[in-house]
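Chemist: Protein chains in written order, with the numbering used here: chain A, 1 to 144; chain B, 1001 to 1100.
Hints are computed from structural coordinates only; laboratory data are not their basis. Predicted, not measured: the structure shown is a model, and the values here were computed from it. Each hint should be verified, as a subset may be incorrect.
As the list claims (entries may be wrong) - Simulated DEER-style distance windows between Cβ atoms:
id : chain 1 : residue 1 : chain 2 : residue 2 : range
1  : B       : Arg1094   : A       : Thr64     : 32 to 42 Å
2  : B       : Gly1097   : A       : Ser37     : 25 to 35 Å
3  : B       : Ser1048   : A       : Ser37     : 36 to 46 Å
4  : B       : Val1010   : A       : Thr127    : 49 to 59 Å
5  : B       : Tyr1006   : A       : Asp73     : 50 to 60 Å
Said to hold, decoys possible - Subject to a maximum C-alpha distance of 30 Å in a straight line, what follows is the list of computed BS3-like cross-link-like pairs (lysine-lysine):
id : chain 1 : residue 1 : chain 2 : residue 2
6  : A       : Lys70     : A       : Lys96
7  : A       : Lys76     : A       : Lys130
8  : B       : Lys1076   : A       : Lys96
9  : A       : Lys130    : A       : Lys80
10 : A       : Lys14     : A       : Lys70
11 : B       : Lys1049   : A       : Lys14
All residues carry an ideal CB built from backbone N, CA and C; glycine is no exception.
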Amino acid sequence: MNTTNEMHLRFLSKSTNEGFARSVVAAFVLELDPTISELADIKTAVSEAVTNSIVHGYRRGSGTVYIDMKITDSRKVIIKVRDKGAGIEDVEQAMKPLFTTAREEERAGLGFAVMQSFMDNVRVSSTPGKGTVVTLEKQIVQLK
Amino acid sequence: MLNTTYSDDVLTVYLNGEIDHNRAAGIRTSIDSQLNALRPKRLELDFSKVSFMDSSGIGLIMGRYRSIGLIGGELKVRNVPENLERIIELSGVRALGVLR
Chain A
1 MNTTNEMHLR FLSKSTNEGF ARSVVAAFVL ELDPTISELA DIKTAVSEAV TNSIVHGYRR
61 GSGTVYIDMK ITDSRKVIIK VRDKGAGIED VEQAMKPLFT TAREEERAGL GFAVMQSFMD
121 NVRVSSTPGK GTVVTLEKQI VQLK
Chain B
1001 MLNTTYSDDV LTVYLNGEID HNRAAGIRTS IDSQLNALRP KRLELDFSKV SFMDSSGIGL
1061 IMGRYRSIGL IGGELKVRNV PENLERIIEL SGVRALGVLR
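So here's chain B without its partners, still in its complex pose (with noise of 0.2 Å):
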């Protein structure tokens, strides 16, 4: 389960524990299916309760940066603890300009 608020067309996801691929895939569905229904003008994903994640976090951000993109609004990754910084710094996501 995911809590999420939606409030000035902000749909603000808090994700939690540990994103990998197992986990990933149920992560991508719901925050999908919430994308479709509001039609929101910003994602933002919150990476303040997270205490592991590899690649597929990545691919949940890249892909997530791609489901926004095509409804035209925007995404944001904030509050990404240290210790996922490195993963983070690999990946390229800074490049997209999502980080905050």
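Chain A extracted, bound-state conformation (with noise of 0.2 Å):
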């Protein structure tokens, strides 16, 4: 599996760059004709994990978040989104549905699951007080 294309974002980690961030990465996608579907499911679920990184990351104060992206010639898109925020404590935790710890926001608890629904596969890596690293893949399939 060899990387064909890359891309690297770093922005401040504002609400109103949610959707900047969401638009940046389909658009880089789009070489490889995902289905309009396929395109939303990426978009919701970096959605998620940059608003993750805004909300939670980075709560007590503003900081860049970070996009790391690879095409890789089996036709698997790969996202890290990654904050040098607070972190997560418990991640297992933070990963079970309806769990949230801005009930104020109406933060519905819903940003892991739905991650997992949209994307093959989502992993966790965080140190509290060092940050969180979320590792989106999805497979783009090949329309003949």
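Can you join these two chains into the complex? Each is in its own frame, and there are hints to help.
Modeler: Structure below.
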């Protein structure tokens, strides 16, 4: 599995950048000629991961959100959404559907459930006080 | 800006565009201030013009379910486009009995 293209993006943890981030990622996937549904899945998952970095990672101030993205020769899309924010104390608990620490902001607690449902693979690596990396993978189907 | 109509104790809000965390707060404030001013018996959220929604939209629906409940009214969610059906199903919103 070789990387055929890659992209790196960094932006300030402002919520206005959520739309920017998912649009850039979607535009980068276009070379694989994804279906509308595949594109919507990726946009939604990226929106969740970026929102988590902004709402939770940098809840005590602003910081930089990083997206590192690769496309492989087997048509796999690998997206890492990274922050150097607060980190997650208990990843297993954070990934449980309906668990949220931002109830007052009406966060539904479904971010990771959405990512897992819309992508083929989701990995979360986090160190409290250091930050979080969410890796999202999706195979883009070859249409004949 | 959201288009809204109010008649026969029904407040209808026509949501549009992309609903994410960035936009949800403004939509929430706008709807809740109208709920408090008008105290309708029913709030209808129309999703026909919504092109994208992440879980912030689910939070928005669940939150309005609570706010209309507090003033003794009911919520209806209508015209959910096909591309939003998966996130709606995943969220369990259907169990609230608000979809039509």
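Chemist: Next step is simple, just say for each hint if it's right about the structure.
Modeler: Hint by hint, here is what the structure shows:
1. B/Arg1094 with A/Thr64: 32 to 42 Å: 38 Å, holds
2. B/Gly1097 with A/Ser37: 25 to 35 Å: At 28 Å between Cβs, range holds.
3. B/Ser1048 with A/Ser37: 36 to 46 Å: 19 Å, violated
4. B/Val1010 with A/Thr127: 49 to 59 Å: 50 Å, holds
5. B/Tyr1006 with A/Asp73: 50 to 60 Å: The hinted range 50 to 60 Å holds for B/Tyr1006 and A/Asp73, with Cβ atoms some 57 Å apart.
6. A/Lys70 with A/Lys96: Judged against 30 Å, a Cα distance of about 28 Å means the pair holds.
7. A/Lys76 with A/Lys130: It holds: about 29 Å lies between the C-alpha atoms, which stays within 30 Å.
8. B/Lys1076 with A/Lys96: 27 Å, holds
9. A/Lys130 with A/Lys80: Roughly 16 Å between the alpha carbons, so the hint for A/Lys130 and A/Lys80 holds.
10. A/Lys14 with A/Lys70: Holds. A/Lys14 to A/Lys70 sits at ~24 Å (cutoff 30 Å).
11. B/Lys1049 with A/Lys14: Judged against 30 Å, a Cα distance of about 25 Å means the pair holds.
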